[in-house]
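Each chain, letter by letter, is given below.
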Amino acid sequence: MLAKRIIPCLDIKNGQTVKGVKFVEIKEVGDPVELGALYAEQGADELVFLDITATHEGRKTFVDLVKRIAQNINIPFTVGGGISELSDADALLNAGADKISVNSSAVRNPQLINDLAQNFGSQFVVAAIDAKHQQGNDWVVTVNGGRIPTDKLLFPWAKECEERGAGEILFTSMDHDGVKQGFANEALAKMSNLLSIPIIASGGAGAMEHFKDVFTHGKADAGLAASIFHFKEIPIPELKAYLNKEGIPMRL
Amino acid sequence: MVEKMDDSSDSGLRTPDTQNIVIIKYNAGNIRSVTNALVRLGYEAEVTADPKKIKEADKVIFPGVGEASTTMAFLRNTGLDEVIINLKQPVLGICLGMQLMCSFSEEGSVDCLGIFDEQVKKFQLPETNLQNIKIPHMGWNKITNVKAPLFDSSLEGEYVYFVHSYYVAMGEHTVTTTNYIHPYSSSLQRDNFYATQFHPEKSGEVGERILANFLKL
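Chains as they are written, first to last, in the working numbering: chain A, 1 to 252; chain B, 1 to 217.
Please keep in mind that the hints were generated in silico from the structure rather than gathered at the bench. Treat the numbers as computed from the prediction; the structure is a model and nothing was measured. Beta carbons are placed, not taken as given, at the ideal position from N, Cα and C, and that holds for glycine. Treat the hints with caution; some may be incorrect.
As the list claims (entries may be wrong) - With a cut-off of at most 30 Å between alpha-carbon atoms, the simulated DSS-like pairs for lysine-lysine come out as follows:
#, chain 1, residue 1, chain 2, residue 2
1, B, 142, A, 219
2, A, 219, B, 122
3, A, 67, B, 25
4, A, 159, B, 121
5, A, 60, B, 25
6, A, 190, A, 212
7, A, 190, B, 122
8, A, 232, B, 142
9, A, 245, A, 212
10, B, 88, B, 55
11, B, 53, A, 67
12, A, 180, A, 152
13, B, 142, A, 190
14, B, 142, A, 67
15, A, 180, A, 219
16, A, 67, B, 88
17, A, 219, A, 159
18, A, 219, A, 190
19, A, 219, B, 121
20, B, 216, B, 52
21, B, 25, B, 216
22, B, 142, A, 212
23, B, 142, A, 245
24, B, 147, B, 25
25, B, 121, B, 147
26, B, 122, A, 159
What the hints assert, rightly or not - Not close to chain A: a few residues of chain B, all C-beta gaps over 12 Å, as computed:
#, residue
27, 31
28, 55
29, 56
30, 83
31, 88
32, 119
33, 136
Same shape as in the complex, but just chain A (with noise of 0.2 Å):
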């Protein structure tokens, strides 16, 4: 049975782990590869480094830390941030980015999932959405790190990057996210009745039931989270052998 996958989010600023708590507050976390290293030892299934870097010289020093992510680490990872045309996806994929993922660069510009999932396959595509819950049952979609609400609508969104080519959808709450109360499960288990690509399910983690949670009620595929497991609040074995006992399929 193919198992629920944990994977931490490691955001990255000028090659070293930041996380910001709502966006806002940003501490370091200490060397990414190390702590990627540290995290695949430990059992997570699959690696996400955003690069929150909005610089020139900083984006050069991202492609190099792919190199090294690449070289030291065994298990799949994605990459994302600031990546809005083909050759930035190239760079990372010659870098040894299993995949990469667009967030505000396709809202502005949706094309560039087709063109992304053409050239280099839906599974190196992953179409990252950030949203906000609306007065009514609409969740809107954000861009800048939720900081602008779009003319988008959640749903028809996620449907369109699957029609687009995405392999996978990464669904961040912006009401949930630092929050540490659990994920969006109601959203994002509409989402997974609606589409058939795998759901990453982002934002809210802050307990081991939150987990359990997203991939029942959420019927989620991911489960993503960041500081929970950078301030080692919950480490990552002892969440699996949790998710285990539950019932939920887990790598041990």
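Position chain B relative to chain A; hints supplied.
Frame of chain A; chain B shown alone:
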């Protein structure tokens, strides 16, 4: 690369760490991850499309991520199809590499290399998909009924990493079985040809053990 290694003309006398490993270069996907995995195991490999180098290698790895029909067209145009079919040394096909070693793929409806007399079919979702099964089959799943020499008994039931939408049914060449929607061949072997649907180069320590077994052949 040096044509002949020092005084030994018999490749069988080479120590494992000096063996000549070639990764077939073609228009498909992330080949660097295979090279990186070999380096972590202490081996060096040359990535090449040169038929002479491929024929002379001690071990050949045929990786691949991509689309079957365009990749087959590339192999035919470059003559690599005949080179691969006629190899006598241990060959390891990975993911698309394994599918291309079969006789036919539904992906682009294309005749493939025919090393394994098997067809590659697209996964179909069950009619009532209560468990929200997804395609592609992406993530970690178990290998069972493992068969030597590529798989030693310690690998029975271990998890490895998959990303694929097409599969090979169970058959006489099956050397590992994986269950996704239904049981299928997650590895094949016939004579010197070995193939895995999963990515050993991305399957953590378990994958490294499988690659090490291949390099010991």
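Exercise for the section: For the pair we were handed, residue 122 of chain B and residue 159 of chain A, check the Cα-Cα distance against 30 Å. Expected result: 21 Å, holds
Practice task
Verify the proposed pairing of residue 147 of chain B with residue 25 of chain B, using a straight-line Cα cut of 30 Å.
Solution key: 28 Å, holds
Practice task
Verify the proposed pairing of residue 180 of chain A with residue 152 of chain A, using a straight-line Cα cut of 30 Å.
Solution key: 26 Å, holds
Exercise for the section: Sort out whether residue 122 of chain B lies within 30 Å of residue 219 of chain A, counting only the CA atoms. Expected result: Holds: residue 219 of chain A and residue 122 of chain B sit about 24 Å apart, inside 30 Å.
Handout entry: Pairwise hint evaluation, residue 212 of chain A against residue 142 of chain B, where the allowed Cα distance is 30 Å at most
Key = 21 Å, holds
Handout entry: Hinted pair residue 219 of chain A and residue 121 of chain B, Cα distance within 30 Å
Key = Holds, because 27 Å separates the two Cα atoms, which is no more than 30 Å.
Practice task
For the pair supplied as a hint, residue 219 of chain A and residue 159 of chain A, confirm whether the alpha-carbon distance does not exceed 30 Å.
Solution key: At roughly 16 Å apart (the allowed maximum being 30 Å), residue 159 of chain A and residue 219 of chain A satisfy the hint.
Problem - Straight-line alpha-carbon gap residue 121 of chain B to residue 147 of chain B, limit 30 Å - result: 23 Å, holds
Practice task
Check the non-interface label on residue 55 of chain B: least C-beta distance to chain A beyond 12 Å or not.
Solution key: 27 Å, holds
Handout entry: Pairwise hint evaluation, residue 121 of chain B against residue 159 of chain A, where the allowed Cα distance is 30 Å at most
Key = 25 Å, holds
Handout entry: Proposed proximity, residue 212 of chain A with residue 190 of chain A (alpha carbon, max 30 Å)
Key = 17 Å, holds
Problem - Proposed proximity, residue 67 of chain A with residue 142 of chain B (alpha carbon, max 30 Å) - result: 29 Å, holds
When held up to the earlier numbered hints, the structure conflicts with 16, 27 and 33 and fits the remainder.
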